[in-house]
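Visitor: Residue numbers (our numbering): 1 to 283.
It is worth saying that the hints were derived from the structure and are not from the lab.
Here a beta-carbon is modelled for each residue, glycine too, at the ideal position from N, C-alpha and C.
Among the clues, some could well be false.
Unchecked claim - Here are the simulated BS3-like cross-link-like pairs (lysine-lysine), alpha carbons at most 27 Å apart as the crow flies: (1) Lys124 <-> Lys273; (2) Lys265 <-> Lys116; (3) Lys226 <-> Lys273.
Claimed, not checked - Simulated restraints, written as ranges between beta carbons of each label pair: (4) Ala137 <-> Pro117: 21 to 27 Å; (5) Ser142 <-> Val113: 35 to 41 Å; (6) Gln89 <-> Lys273: 57 to 63 Å; (7) Asp230 <-> Pro262: 18 to 24 Å.
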Amino acid sequence: MSETIDVNPGDRPPKPEGTQKPVWGRRVLTVLVALAAVGGFTAVVIYSYDSGNVPSAGTGAPVITAQKGPTKIRPKDPGGMAVPDRDKQVYGRLNAAEKPAQAERLLPPPEIVMNKPSAESSAKQMAAMTEREMEKAAKRLSAIAPAARSPASMDIPPPPPSAIAPPPRMAASQPKKTAKEAIVAPRQVAKLGKAPMKSSASSYRIQIASLRSQGDAKKAWGRLTKKHKDLFGKLQSNIVRVDLKGKGTFYRLQAGPLADRPSAKTLCSRLKKRKIGCLVVKP
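Kindly generate the complete structure, drawing on both the sequences and the hints.
Guide: Written out as structure tokens, the structure is:
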């Protein structure tokens, strides 16, 4: 029969003193390693910051200046193979007086880039342009006025002598017919004389071109009426010849009649939108 033995922990013999490891030594070692790591990181940050802020020794980038004198000099004795007939210009022009043919330029010249004008300068330019246009219009109207008045100021030609004073034989044989002819002929001449006065003297017109010949003016009118039938369909052409000193003879293409100045200006504005020059002509 076995017996149970109660073991008391206090009855065990203590361990020898040399076998126990001190706990505080491990803690001190851990703290020293952490401090070394933090110090190293701090040193790296400080070094990089100071190296970036160190001022450069020079004031700027170095400038390398070129030496004075020519960069290339032909040697007195270049050497090499002597090529014969170097003075013979086979491909030269046979006639030195001939000039090379100038190439035909089909495209328009390049646009000139201009600075944007200020408000004051643009206002002055507009005022100067309006004054110039008014002066040009006044000169044109003064040149047109004599030509416009010429149909109205023309004297009505006298009736033919056969209608006014027939020979004695005709007057004796047919007195009634000659009297009727003498009365009818002046009336017809008077009607023909009054017709151009209504279209030229009492109505406004517009001038759209000034050409060198009457044929060119007629061709221009034909092209304009065909292309812009909605604007020129109800108007009639009037070609006025004007002799300008020092410039020659011009044929001014005008269209009308128009009721008043506002209607003429409205038509001119519509023509200018289609890039057609226009000028209002007073009656």
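Visitor: Quick check: does the Cβ-Cβ distance between Ser142 and Val113 fall within 35 to 41 Å?
Guide: 39 Å, holds
Visitor: Does the hinted range 18 to 24 Å hold for Asp230 and Pro262 at CB?
Guide: 19 Å, holds
Visitor: Sort out whether Lys273 lies within 27 Å of Lys226, counting only the CA atoms.
Guide: 18 Å, holds
Visitor: Could you check the hint for me, namely that Ala137 and Pro117 are 21 to 27 Å apart, CB to CB?
Guide: Once the Cβ atoms are compared, 25 Å apart, the range 21 to 27 Å for Pro117 and Ala137 holds.
Visitor: Quick check on a hinted range of 57 to 63 Å for Gln89 and Lys273, using CB atoms only.
Guide: With a Cβ separation near 59 Å, Gln89 and Lys273 satisfy 57 to 63 Å, so the hint holds.
Visitor: Would the pair Lys265 and Lys116 pass a check requiring their Cα atoms to be no farther apart than 27 Å?
Guide: 30 Å, violated
Visitor: Verify the proposed pairing of Lys124 with Lys273, using a straight-line Cα cut of 27 Å.
Guide: 24 Å, holds
Of the numbered hints stated above, the single one contradicted by the structure is hint 2.
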